[in-house]
Amino acid sequence: MRGDYAFERFHGEPPLSVIRSRSLDLSGWGRFPVEKCDAYRPESVEEIRELIRVAPSESLISRGMGRSYGDASLNSGRGVILHERLNRILSFDPETGLLHCEASVTLAEIIDVFLPQGFFPAVTPGSKNISLGGAIAADVHGKNHHRDGTISGQVLGFHVLTGEGELVSCSRSENSRLFWATLGGMGLTGAVVDVRLKLRRVDSSYLKTQTIRTTDLQETLDEIILRDRDYDYSVAWIDCLARKKSLGRALLLRANPASPSELPSFERESPYSIRRKLPLTVPFSMPSFFLNSGNMKAFNSCFYWWPRRTEALRDFESYFYPLDAISNWNRVYGQKGVLQYQLVLPLESSSQGLREILERVAESGWASFLGVLKSTGPESGGLLSFPFEGTSLALDFPNRHDSIFAFLRELDRLVIHYGGRTYLAKDSSLTPSAFRTMYPAYEDFLEVKAEVDPNGRFSSSLSRRIGLTE
Amino acid sequence: MEKRVLVTGATSAMGRAFVKELAIKGHSLILAGRSEAELESVATDTRIRFGVQVEVCLYDALAMDAAARLEEDLTRNSKLALHGVVFCHGFMPDEVSAETDTELREATIRVNYISTVNLIEVFKPYLSVGEYCFFCTLTSVAGDRGRPSNALYGSSKGALSLYLSGFRSRVFEQGIRVVNVKPGFVDTRMTWGLPGLFAVARPETVAVHALQGVSRNHGVVYSPKFWRLIMLLIRVIPDIVFRRLKI
Numbered sequence: 001m002r003g004d005y006a007f008e009r010f011h012g013e014p015p016l017s018v019i020r021s022r023s024l025d026l027s028g029w030g031r032f033p034v035e036k037c038d039a040y041r042p043e044s045v046e047e048i049r050e051l052i053r054v055a056p057s058e059s060l061i062s063r064g065m066g067r068s069y070g071d072a073s074l075n076s077g078r079g080v081i082l083h084e085r086l087n088r089i090l091s092f093d094p095e096t097g098l099l100h101c102e103a104s105v106t107l108a109e110i111i112d113v114f115l116p117q118g119f120f121p122a123v124t125p126g127s128k129n130i131s132l133g134g135a136i137a138a139d140v141h142g143k144n145h146h147r148d149g150t151i152s153g154q155v156l157g158f159h160v161l162t163g164e165g166e167l168v169s170c171s172r173s174e175n176s177r178l179f180w181a182t183l184g185g186m187g188l189t190g191a192v193v194d195v196r197l198k199l200r201r202v203d204s205s206y207l208k209t210q211t212i213r214t215t216d217l218q219e220t221l222d223e224i225i226l227r228d229r230d231y232d233y234s235v236a237w238i239d240c241l242a243r244k245k246s247l248g249r250a251l252l253l254r255a256n257p258a259s260p261s262e263l264p265s266f267e268r269e270s271p272y273s274i275r276r277k278l279p280l281t282v283p284f285s286m287p288s289f290f291l292n293s294g295n296m297k298a299f300n301s302c303f304y305w306w307p308r309r310t311e312a313l314r315d316f317e318s319y320f321y322p323l324d325a326i327s328n329w330n331r332v333y334g335q336k337g338v339l340q341y342q343l344v345l346p347l348e349s350s351s352q353g354l355r356e357i358l359e360r361v362a363e364s365g366w367a368s369f370l371g372v373l374k375s376t377g378p379e380s381g382g383l384l385s386f387p388f389e390g391t392s393l394a395l396d397f398p399n400r401h402d403s404i405f406a407f408l409r410e411l412d413r414l415v416i417h418y419g420g421r422t423y424l425a426k427d428s429s430l431t432p433s434a435f436r437t438m439y440p441a442y443e444d445f446l447e448v449k450a451e452v453d454p455n456g457r458f459s460s461s462l463s464r465r466i467g468l469t470e
Numbered sequence: 471m472e473k474r475v476l477v478t479g480a481t482s483a484m485g486r487a488f489v490k491e492l493a494i495k496g497h498s499l500i501l502a503g504r505s506e507a508e509l510e511s512v513a514t515d516t517r518i519r520f521g522v523q524v525e526v527c528l529y530d531a532l533a534m535d536a537a538a539r540l541e542e543d544l545t546r547n548s549k550l551a552l553h554g555v556v557f558c559h560g561f562m563p564d565e566v567s568a569e570t571d572t573e574l575r576e577a578t579i580r581v582n583y584i585s586t587v588n589l590i591e592v593f594k595p596y597l598s599v600g601e602y603c604f605f606c607t608l609t610s611v612a613g614d615r616g617r618p619s620n621a622l623y624g625s626s627k628g629a630l631s632l633y634l635s636g637f638r639s640r641v642f643e644q645g646i647r648v649v650n651v652k653p654g655f656v657d658t659r660m661t662w663g664l665p666g667l668f669a670v671a672r673p674e675t676v677a678v679h680a681l682q683g684v685s686r687n688h689g690v691v692y693s694p695k696f697w698r699l700i701m702l703l704i705r706v707i708p709d710i711v712f713r714r715l716k717i
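These protein sequence lines are chains A and B, in that order.
Under our numbering, the letters of the first sequence match residues 1 to 470, in that order.
Under our numbering, the letters of the second sequence match residues 471 to 717, in that order.
The hints are simulated quantities; they were obtained by calculation from the structure and are not laboratory data.
Being a predicted model, the structure only gives us computed values, none of them experimental.
Glycine included, C-beta positions come from ideal geometry on N, C-alpha and C.
Please note that a few of the clues may not be correct.
[To be verified] Okay, the calculated beta carbon distance ranges per label pair:
(1) Leu-167(A) with Glu-674(B): 28 to 34 Å
(2) Thr-281(A) with Thr-661(B): 23 to 29 Å
(3) Leu-280(A) with Asp-535(B): 53 to 59 Å
(4) Thr-572(B) with Arg-53(A): 26 to 32 Å
(5) Glu-601(B) with Thr-281(A): 38 to 44 Å
(6) Leu-167(A) with Glu-601(B): 45 to 51 Å
(7) Thr-661(B) with Arg-213(A): 53 to 59 Å
(8) Phe-668(B) with Ala-298(A): 40 to 46 Å
(9) Gln-117(A) with Ser-639(B): 44 to 50 Å
Looking at chain A on its own, in the form it has when it is part of the complex:
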């Protein structure tokens, strides 16, 4: 702006909040672990840059919606950058579906704004309350991974603010090494500040879904490995407490998009409408004894046997985000939280490996809600990205007793034995040696990190636990 200022020295001075932090007890969505962190909440990219330069915290990590399960967005005793106020949509092209927005815009916001115009995120995980920055950090995947891969396929580029305070533009052609280190890089290459993402055009907000029951693991695997290619979206809810003959019995929920002509007549007028559902919530933490193995077994069986229509039209909301309908659903696991465990095994060892793992889980007595089984497609190229071609299984274990960690160690050994790996975004127990075996590309990752962040300005509780940073 031209001219004089009454007080030249205040003009353009960075706001005070840049260096002011608030001590918060933070946790991931699994509510375990809970750690005290210095939380900073910048409101502009310039403020983040200033923060990286002057913040007294020993290191920093970005946090979006805090939807990773473990300690990926925590930095015990150090700095956490809350991105929540950097959530502006910067441009949208309705011809191509190309969206440019700041990194803490959530999938929920994108759906609210762009579904009425006929656009939907082409790849979405099981919750829409995630930020795009987090989606990139975890290189998230969804029920269409076997077809469309991870979200990296829809990401055209982004800007990373590195530990050196440099704003680097990344895409497949520009700084591609940093691009692939950041996709799946758990925020350790710097703060992702904006994202260019391609949205998919959809004809309606409805899916033609098919629900079938399988009676054992072999049938489940045959179905998902051989027949998933006929469906855009596919996921299996597996009863991980069933044993013996029923081991691996599952409900297969598969879907293809519905065209407007397939909608019931009263919906045809507004094909993008989504019926608002009753807001449900878990008002307080359930007592932990609630999730005993008896209750879990009963729940799993009910879920499996509950009568369902095999063919049905369902809207995006209820198919993609069944758990989002209940806010704070993570409270059902009690005060001490939950440990998520998601693994992927290569195709050739899937059958044997899953059998052994499911048997171990069923006999261990570590009760779990339904597990989620999914066939996965080829790797994305992200150096620390999780999925590769094969089969993925997600399990959850309420944190009732410390012996769970020994049990998870045992699962790690099985996963490694069968050539698999576990998902960092859900992890809160992996050890350095297991991590290095599961993610052999970590050396390439560290090379890129050393280039953009030589002073180690970015690290998290996760990165220190798995020995990725100091």
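Could you slot chain B onto chain A? The hints should help.
For chain B alone, kept in the frame of chain A given last:
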């Protein structure tokens, strides 16, 4: 009928909350602030999310003739008609540094008091008098009684409150609504990390209360409402007691 509203300090969390609530009501907007890039981001975001018209204009409350310059910029190309003005710019100094820093003291008073008074007087003629039109000003509960921890900040907001009270009566017959919003603690960067906060309100909550106050033609709006009672109690404490309190 022109439904355009000018918002100052529009890139702040408080400003953005007002921009959002006004856009939901279908108002077109003029955003004023210090950083062109930030203003453009907020403007684009608002256009895409809510489909309303949004313009931006630079405004720095510390600049000489700030109000006159803003007027000049806004009236250069077309006739200006405003449905209302929302003032969200403000500054909270570090009171301890301000004890020894003349410029900091004067800057505080200029941003919080002088600039707003100037804007009100300069933009009064552009309000579309006839239908309901308004000035909505964010002051603070800190302006209700001077306390040792925020004497300077509180006095700058308190002075503005007094001005608004007089101005409200002056323009009453023209049908201009003058709404003085007194928020308690709000979750903005001004308060982030400060000790001793309680019942911190979301900026959106304050914006909703404020615009309710505008549509109901209230003179003074406390947000959240319980602050009216707290401040009443604080105001009635006799000075002989109050001077001994460190609240």
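- Task: Kindly indicate which numbered hints from before are broken by the structure, ordering the numbers from low to high.
- Result: Result: no hint breaks.
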